[in-house]
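Chemist: So the chains spell out like this:
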Amino acid sequence: TQLLEQSPQFLSIQEGENLTVYCNSSSVFSSLQWYRQEPGEGPVLLVTVVTGGEVKKLKRLTFQFGDARKDSSLHITAAQPGDTGPYLCAGARNAGNNRKLIWGLGTSLAVNP
Amino acid sequence: NAGVTQTPKFRILKIGQSMTLQCTQDMNHNYMYWYRQDPGMGLKLIYYSVGAGITDKGEVPNGYNVSRSTTEDFPLRLELAAPSQTSVYFCASSYLLGTGELFFGEGSRLTVL
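So the protein sequences, as listed, match chains A and B.
Take the first sequence: its position 26, counted from the start at 1, is 26 in the working numbering, and no numbers get skipped.
Take the second sequence: its position 22, counted from the start at 1, is 1022 in the working numbering, and no numbers get skipped.
The shape of chain B in the complex, shown without the other chains (with noise of 0.2 Å):
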């Protein structure tokens, strides 16, 4: 099992530019999650799914959009990139909401210049 993959590793953005972080997991889990993880401040959710179709917000989703067509992805989407969206971005998915186990993927490296 692959479990969470996410797509890319490493990206340099310019200020301005838009682009897309995927993820996807193979374990049939229903809840996913965005979370960005900066030094010293923990991680903070961005965005979060309950299953396809349905997204809500977390407590830091200004500047990102989110969509969830099939349970398996889950893509999150910068629009107009600024240099506070400079983090790593962590998607992770779980079996039950707030309470399970959740899997990460091995998180993407972004960096706006």
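The shape of chain A in the complex, shown without the other chains (with noise of 0.2 Å):
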């Protein structure tokens, strides 16, 4: 059982278009990240969300945590060829003493030119 459902697991786009990437559980979590993999390379954090309803903008991105705290979703406006790669969510969950972080299985994403 996958504990937090990322979709699409793939988008192919033409440049110019948008999209929009979805993180869903039906658990909440104290706050979500994202991270953006680059060939070759581990993944880097691109933002955390942590209150319910925040809108966080970087770029042409935009993130935003549902308002409670199950769900989050990546918007990217005229996307580029340079944004071509894996996004991976992570939602952080309080388990007692324990925190831990539960990854969605990440969505690929090719921009053509």
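Heads up, a few of these hints could be off.
[Claimed, not checked] Derived BS3-like pairs (lysine-lysine); straight-line CA-CA distance at most 30 Å:
(1) Lys100(A) - Lys56(A)
(2) Lys1044(B) - Lys56(A)
(3) Lys70(A) - Lys100(A)
(4) Lys1044(B) - Lys100(A)
(5) Lys1009(B) - Lys1044(B)
(6) Lys70(A) - Lys56(A)
(7) Lys1057(B) - Lys1044(B)
(8) Lys57(A) - Lys100(A)
(9) Lys57(A) - Lys70(A)
(10) Lys1014(B) - Lys1057(B)
(11) Lys70(A) - Lys1009(B)
(12) Lys1014(B) - Lys1044(B)
(13) Lys100(A) - Lys1014(B)
(14) Lys1057(B) - Lys1009(B)
(15) Lys1057(B) - Lys100(A)
(16) Lys1044(B) - Lys57(A)
(17) Lys70(A) - Lys59(A)
(18) Lys70(A) - Lys1057(B)
[As the list claims (entries may be wrong)] Covered stretches of chain A, going by a simulated chain B footprint (3 or more residues, C-beta under 8 Å):
(19) 36-49
(20) 101-111
Derived by calculation from the structure, the hints in this document are not laboratory data.
Quick reminder that beta carbons are idealized off the backbone N, C-alpha and C, glycines included.
Please dock the two separately framed chains into a single complex, following the hints provided.
Modeler: Here you go:
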């Protein structure tokens, strides 16, 4: 059972189009992180959202945390070939004294010139 | 700052061989992690450590061992390599457990034939 459903798994679009990636769960998260992974490298943090309903912008990328803190979205405006690559979401859950990151399976984005 | 450094970047093993993936970080982070990433399967936590001398199992620990003798180093040992261990392995560290930003190494691509 995947606790954090990320969709779509694959997305191929043309340069200039907009797109949205979703991370959904039935569980509440204390925070949610979005990572991007360049070829041959490890994931790098893009943003962390903490408050329900929070919206953060990073140039053409807009991140939103759901009001109930169970879901999040990443919207890219006017996608460019340089945006190509995997995007990962990870939700933080507190379980007693143990805090865990739950990872989505990732979205592989291809932006064609 | 080098951040998180992993070696080797690539390795081919024969079934039944053993090897150690090295990981070191220079950020003085208490928390360190080993993940494996398979195509379309996201990141799976193998082991993690909350400080020198303390390690704990993640989701997929079978076939692996770790040690944490210093804050900086967190090697991952593969005993009796199997084809199912063919994967990309990432070491990561963080300042906070579970909720803080993870800093990843560049990954180690392991093939078991």
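Chemist: With reference to the structure, classify each hint as holding or not holding.
Modeler: Now for the hints, and whether the structure bears them out:
1. Lys100(A) - Lys56(A): Measuring from Cα to Cα gives roughly 23 Å; hence the hint holds.
2. Lys1044(B) - Lys56(A): holds (27 Å)
3. Lys70(A) - Lys100(A): holds (15 Å)
4. Lys1044(B) - Lys100(A): holds (12 Å)
5. Lys1009(B) - Lys1044(B): holds (19 Å)
6. Lys70(A) - Lys56(A): holds (17 Å)
7. Lys1057(B) - Lys1044(B): The hint holds at about 11 Å.
8. Lys57(A) - Lys100(A): This hinted pair holds, its Cα atoms lying about 25 Å apart.
9. Lys57(A) - Lys70(A): holds (20 Å)
10. Lys1014(B) - Lys1057(B): At roughly 25 Å apart (the allowed maximum being 30 Å), Lys1057(B) and Lys1014(B) satisfy the hint.
11. Lys70(A) - Lys1009(B): The hint is violated at about 36 Å.
12. Lys1014(B) - Lys1044(B): holds (23 Å)
13. Lys100(A) - Lys1014(B): It is violated: about 34 Å lies between the C-alpha atoms, which goes past 30 Å.
14. Lys1057(B) - Lys1009(B): Within the cut-off at roughly 24 Å; holds.
15. Lys1057(B) - Lys100(A): holds (12 Å)
16. Lys1044(B) - Lys57(A): The given pair, whose Cα atoms are some 28 Å apart, holds under the 30 Å limit.
17. Lys70(A) - Lys59(A): With Cα atoms ~25 Å apart, Lys70(A) and Lys59(A) stay inside 30 Å; holds.
18. Lys70(A) - Lys1057(B): Given pair Lys70(A), Lys1057(B) holds - Cα atoms ~26 Å apart, limit 30 Å.
19. 36-49: With 7 residues closer than 8 Å to chain B, the stretch 36-49 of chain A meets the three-residue bar; holds.
20. 101-111: holds (count 5)
The structure shown violates the earlier hints numbered 11, 13.
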